[in-house]
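Assemble the whole structure, with the sequences as input and the hints as a guide.
Each protein sequence line maps, in turn, to chains A and B. Per the numbering used here, the very first residue in the first sequence carries number 1; after that it's consecutive. Per the numbering used here, the very first residue in the second sequence carries number 1; after that it's consecutive.
Calculated from the structure, these hints are not laboratory results. Since we're looking at a predicted model, the values are computed, not measured. Accuracy of the hints is not assured; some may be wrong.
[To be verified] Restricting the straight-line Cα-Cα distance to at most 25 Å, the calculated cross-link-like pairs of lysine to aspartate or glutamate (DMTMM-like) are:
1. K75/A to E34/B
2. K4/B to E47/B
3. K75/A to D279/B
4. K147/A to E132/A
5. K75/A to E124/B
6. K166/B to E187/B
7. K113/A to E47/B
8. K113/A to E124/B
9. K237/B to D394/B
10. K75/A to E37/B
11. K166/B to D441/B
12. K237/B to E178/B
13. K113/A to E58/B
14. K75/A to D115/B
15. K113/A to D441/B
16. K146/B to E124/B
17. K4/B to E125/A
18. K75/A to E132/A
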Amino acid sequence: MSDFGEIERMVELMDAHGLEEFELEEEGRRVRLKKSSGGHAAAAESGERIPVAAATAAPVPPPGATADEGLVVVKSPIVGTFFRAPDLDAPPFVEEGSSVQMGQVLCIIEAMKLMNEIDAEVGGEIVGIFVENGQPVQYGEQLFTIKPA
Amino acid sequence: MLNKILIANRGEIALRVIYACRELGIRTVAVYSEADEHALHVRFADEEVCIGPARPAESYLNVPAIITAAQVTGAEAIHPGYGFLSESPYLAEAAGACGITFIGPPLEALRLLGDKTRARRAVERAGIAVLPGTAQPPETLSAALKASRKLGFPLIIKASAGGGGKGMRVVRDASDIEHAWAVAQREAAAAFGDGTLYLEKYIEAPRHIEFQVLADGNGRVVHLGERECSIQRRHQKLIEEAPSVVLTARQRRKLGRAVVGAARAVGYENAGTFEFLMDDRGHFYFLEANTRLQVEHPVTEMVTGVDIVKEQIRIASGEPLSFRQDDVTMTGHAIECRINAESPDTFRPSPGVIRVFSMPGGPGIRVDTAAHTDSTITPYYDSLVAKLIAHGSDRDEAIARMRRALEMTVIEGIDTTVPLHRRILEDPDFVEGRLSTAFMDRFSSA
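The following block contains the structure:
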């Protein structure tokens, strides 16, 4: 594998979901990431397809599912453009680490010139923001994770 | 030429539009519901946007989601395919308001021909015969009863906003009209959000014959001849062919001129179809106009050599039609069988996972499908699995090719209409070309 960015994303995913181990197998390549006791991720890679027992592969939660350790995933209810702030000069609605109340506005998704405010379904701490300001999002796309209070 | 097109559809027709775009060097955007995440149209488009959950109302019928998907991907045009939003003035209008080209007719022509009673009046003014019927939809049952006495029986109740057999009831005598009117009204209101009905004289066992037209933005209109679609059950076409065995060259010229005139009169642009019923004395009556690409367009493509989808895109790009009426020729004969995921006897839908999918090839065979081994026919959308099209130098050769192609079609895991098609292709009346919309009655009673 030449794409370190991709590995980096996997490590981020592991961190975001609190995974100890992550394994990806596709078309002749296999990537296995395992956290050492110090909490760092160690990568092992092989060019051959190696049969693996299903039990060793930690499943990645699908977007929208409630993640491990009780994290709540906020996903986009519509197709549109993601905005973290009410306008260009304003500070973002939330940052990583912000604590939010249930019903608090997290972001805006613009669709057909309408600004749709997306609210927090639970109160808690924002632990992950997955989309850059101004990026398009599709239906069901993961926007935030919240650690419920 | 357009640079990027969003395809507001799924299944084989979304793939069909991708074929045309690839050949023209146009980038494509697929939209899909959560149920279609692994669908081939998503895989083969250059970009893809999930627009909603499986339910069509929240995804493939969701105009704001589709418009927004076009905006965020920078698509300049939307191809609506057939079904879903293909005849929706709302999508055409929203696209227009957002500076996106709707690949279809202008809004006004779409509205006019979409309203079946207005369409009737418009083509009648253009010199085409329509069936005797109510020029204005009767507003009440008693008005309908009065109109029915004037028309005589049998007659057919139709939905003004309708199509696809919904809101349609045949009434054979006055005592049946009250019940049929109520049922048709409920059906029409549920299917189209508009319970307006009208009455027409009903022809027993007619042939269904339709003309394909193409019109560019510079006023050039041509027709690509006819298709016969008489093999139907419950107003759904099962087998289509081109040309029709009953149409003489003279009739083709005459009807062709009439539909070209009607298309011009309503300011039509892009691809469209004028449908007719032919009675047993050879009289043609206008049925309705379809303002979109049709499922059965491949039979016309096979005999004329015109790629209708590419022409649609060229016209939407503002290019003139590259050929004249005199350049259009029909070579040989083409037949299409719609292979549906249905029980061949009860026509009950048969969704499920296709375990084995192997389609035939060889000379003169075309297969338009989005299915493959391990693909799923979901219960959310229509039951079309594949369109099998056979072209031959004449009708006999087309039939022979279709027979061997059906024999070599292997679809396991779901029920399909393949066995039914094989029976139809062996039927002496079918082989002799003695077709009518009542043809399928002999199979449905089983």
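**Asked** Keeping to a limit of 25 Å between CA atoms, is the pair of K147/A and E132/A held or broken?
**Response** Holds: K147/A and E132/A sit about 20 Å apart, inside 25 Å.
**Prompt:** K75/A and E37/B: Cα distance at most 25 Å?
**Reply:** Within the cut-off at roughly 17 Å; holds.
**Prompt:** Taken at face value, is the distance from the CA of D279/B to the CA of K75/A at most 25 Å?
**Reply:** Roughly 57 Å between the alpha carbons, so the hint for K75/A and D279/B is violated.
**Prompt:** Does K237/B pair with D394/B here, judged by a C-alpha cut-off of 25 Å?
**Reply:** Given pair K237/B, D394/B holds - Cα atoms ~22 Å apart, limit 25 Å.
**Asked** Holds or violated: K166/B with D441/B, Cα cutoff 25 Å?
**Response** Holds: K166/B and D441/B sit about 19 Å apart, inside 25 Å.
**Asked** Between K75/A and E132/A, is the straight-line Cα distance small enough, at 25 Å or below?
**Response** Satisfied, since the Cα-Cα distance of roughly 14 Å is no more than 25 Å.
**Prompt:** Straight-line Cα separation of K237/B and E178/B no greater than 25 Å?
**Reply:** Given that 25 Å is the threshold and the Cα spacing comes to 28 Å, the pair is violated.
**Asked** Under the criterion that the straight-line Cα-Cα distance not exceed 25 Å, is the pair K113/A, E124/B satisfied?
**Response** violated (42 Å)
**Message:** What's the verdict on K75/A and E124/B, does the C-alpha distance respect the 25 Å limit or exceed it?
**Reply:** Violated, because 53 Å separates the two Cα atoms, which is more than 25 Å.
**Message:** Just to be careful, I want the Cα atoms of K75/A and E34/B compared with a cutoff of 25 Å; is the pair within it?
**Reply:** holds (13 Å)
**Item:** Straight-line alpha-carbon gap K113/A to E58/B, limit 25 Å
**Value:** holds (19 Å)
**Prompt:** Can the restraint linking K166/B and E187/B be considered satisfied, given a maximum Cα separation of 25 Å?
**Reply:** With a Cα-Cα distance of about 6 Å, the restraint between K166/B and E187/B holds, given a limit of 25 Å.
Violated hints, listed in ascending order, are 3, 5, 8, 12, 14, 15, 17; each of the other numbered hints is respected by the structure.
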